[in-house]
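Trainee: If you read the sequences in order, they're chains A and B.
With the first letter of the first sequence counted as 1, position 81 gets the number 81 in the UniProt record's numbering; the numbers rise by one all the way through.
With the first letter of the second sequence counted as 1, position 286 gets the number 286 in the UniProt record's numbering; the numbers rise by one all the way through.
Among the clues, some could well be false.
So the derived label-pair ranges between C-beta atoms look like this [as the list claims (entries may be wrong)]:
id, chain 1, residue 1, chain 2, residue 2, range
1, B, E228, A, Q232, 32 to 42 Å
2, A, E209, B, I330, 44 to 54 Å
3, A, H89, B, V129, 54 to 64 Å
4, B, E228, A, P219, 31 to 41 Å
Derived by calculation from the structure, the hints in this document are not laboratory data.
As the structure is a prediction and not an experimental result, all values here were calculated from the model.
Note that beta-carbon positions come from the ideal geometry of N, C-alpha and C, so glycine has one too.
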Amino acid sequence: MLEPLEERLDQPLPAEDQDKEYVGFATLPNQVHRKSVKKGFDFTLMVAGESGLGKSTLVNSLFLTDLYKDRKLLNAEERITQTVEITKHTVDIEEKGVKLKLTIVDTPGFGDAVNNTECWKSVADYIDQQFEQYFRDESGLNRKNIQDNRVHCCLYFISPFGHGLRPLDVEFMKALHEKVNIVPVLAKADTLTPLEVKKKKIKIREEIEQYGIKIYQFPDCDSDEDEEFKQQDQELKDSIPFAVIGSNTVVEAKGKRVRGRLYPWGIVEVENPAHCDFVKLRNMLVRTHMQDLKDVTRETHYENYRAHCIQSMTRMVVKERNRNKLTRESGTDFPIPTAPGVSDSETEKLIREKDEEVRQPPHTQTQEQECVTQECVDQECVMHDECVQESVQEECVMQEESVQEAEHCAELC
Amino acid sequence: MSEIVPPEVRPKPAVPAKPSHVAPPSSAPFVPSPQGTGGEGQGSGRGSALLGYIGIDTIIEQMRKKTMKAGFDFNIMVVGQSGLGKSTLVNTLFKSQVSRRSTSWSRDEKIPKTVEIKSVSHVIEEGGVKMKLTVVDTPGFGDQINNDNCWEPISKHINEQYEKFLKEEVNIARKKRIPDTRVHCCLYFISPTGHSLRQLDIEFMKHLSRVVNIIPVIAKSDTLTPEEKTEFKQRVRKELEVCGIECYPQKEFDEDMEDKSDNDKIRETMPFAVVGSDKEYQVNGKRVLGRKTAWGVVEVENPNHCEFSLLRDFMIRSHLQDLKEVTHNIHYETYRAKRLNDNGGLHPISSSGHDTQESNL
Chain A
1 MLEPLEERLD QPLPAEDQDK EYVGFATLPN QVHRKSVKKG FDFTLMVAGE SGLGKSTLVN
61 SLFLTDLYKD RKLLNAEERI TQTVEITKHT VDIEEKGVKL KLTIVDTPGF GDAVNNTECW
121 KSVADYIDQQ FEQYFRDESG LNRKNIQDNR VHCCLYFISP FGHGLRPLDV EFMKALHEKV
181 NIVPVLAKAD TLTPLEVKKK KIKIREEIEQ YGIKIYQFPD CDSDEDEEFK QQDQELKDSI
241 PFAVIGSNTV VEAKGKRVRG RLYPWGIVEV ENPAHCDFVK LRNMLVRTHM QDLKDVTRET
301 HYENYRAHCI QSMTRMVVKE RNRNKLTRES GTDFPIPTAP GVSDSETEKL IREKDEEVRQ
361 PPHTQTQEQE CVTQECVDQE CVMHDECVQE SVQEECVMQE ESVQEAEHCA ELC
Chain B
1 MSEIVPPEVR PKPAVPAKPS HVAPPSSAPF VPSPQGTGGE GQGSGRGSAL LGYIGIDTII
61 EQMRKKTMKA GFDFNIMVVG QSGLGKSTLV NTLFKSQVSR RSTSWSRDEK IPKTVEIKSV
121 SHVIEEGGVK MKLTVVDTPG FGDQINNDNC WEPISKHINE QYEKFLKEEV NIARKKRIPD
181 TRVHCCLYFI SPTGHSLRQL DIEFMKHLSR VVNIIPVIAK SDTLTPEEKT EFKQRVRKEL
241 EVCGIECYPQ KEFDEDMEDK SDNDKIRETM PFAVVGSDKE YQVNGKRVLG RKTAWGVVEV
301 ENPNHCEFSL LRDFMIRSHL QDLKEVTHNI HYETYRAKRL NDNGGLHPIS SSGHDTQESN
361 L
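Turn these sequences into a full structure, and let the hints guide you.
Mentor: So this is what it looks like as structure tokens:
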């Protein structure tokens, strides 16, 4: 997954470009890539849903780990007095030289009581706490080593035994859709026939729309991507909610050893796309959309939180302060063509350092940025994709210009 | 028929039941009288001391005829969260569309805000025997966010049926056959999480196991592998024991060793892990009821796949009458005793208007 990128950049440029117009910053992604591989990535995933829906098993299957080895299942009596807890497990995974620090946030006790009113409150509070922590760190003096504990994605497990969404599901998702990226997942899908899966998905999608729940939207692919990619993307969008099956055990199926579940009437293979959407979910989560999830968390959910926070802190001078902070912030994003696996956080740091050297004037960007981001921030509602896309594109355009400016300045000085 | 026979005598059912289980005592030979032996021994060597064949054993045949003419009532209640396959299971059990089958996908009805009680009655016939089957459904149970006391409407309904029966019983001019709407059996559907019972399950069963016969079943059990099934069942049984919940068949009502050993076997396999289906598929040349997935067909009546046939045999083929009797002799009597005690020995009279001096109390 990383080789093609290098290949592309190492190809010799057409002869015309090889004169003085060739500056060389096209290798920047390469440098970023190397730096980020050294540093490693982090990702925080939250799993939520009633107990017994296979959350832990799915997490183990997704990341091929055994995070819940010594888990002791409580019996019903013990669980009477249990409130919703938040537990964190962190694991470091390395693959082909790339390190990932994965944090799984679990919510045991959710939906288990007889009276589940407001059981999502502790979850919402946890997410806000992480935002607050980051906000504080970011506004602090020493910002070299900020730990990003913000929740990047929340997998919400919907029970396959109901008729679509339950009242608890709706309430949870509505309470959290503006704080975190929600990816709904249809749990234990091996209990459903293919037709039932299809019908349930349609029903759930309808209900999500009906109740106005804003789940994580996949970004549209560029119009210049090839047909196959677009088709894959469309298939992905049509598979929401992902019907998944998880397994901790390896079974023999057709001579191969695969992760699966052995029933008297057949073997369910977890990684078989004809059996469930596990592969799609894994690809989405890890291989293609991890970066986008982090971006949306950073740009949308966190910014909303921040705006809220700041607005409530000071009623006056909100607009100007917002303006300034946004500029500084957004001025550091670099438009790297989305090669999977490249992290923005490293880019940010890189660019920030560059910034300090060059001392960019903030005002050239302010005016244009304003009108786009202003409407998104001042309103209480979540930024829509178009808005984000627009602003990102705007930023792209801006940054290119600004970097050229910067180079110019550097040359002149 | 429990309404005709006084409660103390419990004749074994004369209706078609598994021959190995039923051993009607009335067909057992009488104790030979001290005088005379052999005698003429007409016909078979039955009733060794009887001088001739009296024909007492034909009473079974007579009962049978009457029963068949009169027909049976059977009332079953299904309780569980929505979507656990309650209606499908009842339909599969009785091989007909007896339950209000929510055509789930195009369902316009929303989850009701409070637990409702919906009763549907059908008369089904088999082998000349008519049965009036009433299925009581409880939509809305356990579906809300706040499910506190959601068992109360159910409890109320059950007690109301007992009350109705009681009123009829203490009437001066009683009907020959009191219509029996009491719930004989309550199938409680446990969600197959694989972990253990949920709090709601325990609360419900605690409140209602003394009022009605509860048979817990594990719904949609095709989601559990055989190992998971065994573990889950063990855990559930243990939890029920710890909480002091007695499901049907209750240990305390086992009459003799034979009953006890039969029932013990049943208790070992409870709760039954079931799968319901109303669709048929071809498997190995046979048409079977089942569920077809991408990796195989789950056969409903295959004992290796699920315990549906065990449940059916238990509930319908061997213990149907027993369910009714326990309901009448034990649960109903408990209710009646409580009612009478509460009113200090007197009870509000029915529509006849006389003061209560009835000695049939």
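Trainee: Taking the CB of H89 (chain A) and the CB of V129 (chain B), does the distance hold inside 54 to 64 Å?
Mentor: Given a distance of about 60 Å, which is inside 54 to 64 Å, the answer is holds.
Trainee: Starting from the hint 32 to 42 Å, judge whether the C-beta atoms of E228 (chain B) and Q232 (chain A) obey it.
Mentor: 34 Å, holds
Trainee: If I claimed the Cβ atoms of E209 (chain A) and I330 (chain B) lie 44 to 54 Å apart, would that claim hold in this structure?
Mentor: 52 Å, holds
Trainee: Given the hint of 31 to 41 Å, check if E228 (chain B) and P219 (chain A) actually sit that far apart at their C-beta atoms.
Mentor: For P219 (chain A) against E228 (chain B), whose Cβ atoms are near 39 Å apart, the range 31 to 41 Å holds.
Checked against the numbered hints given earlier, this structure breaks none of them.
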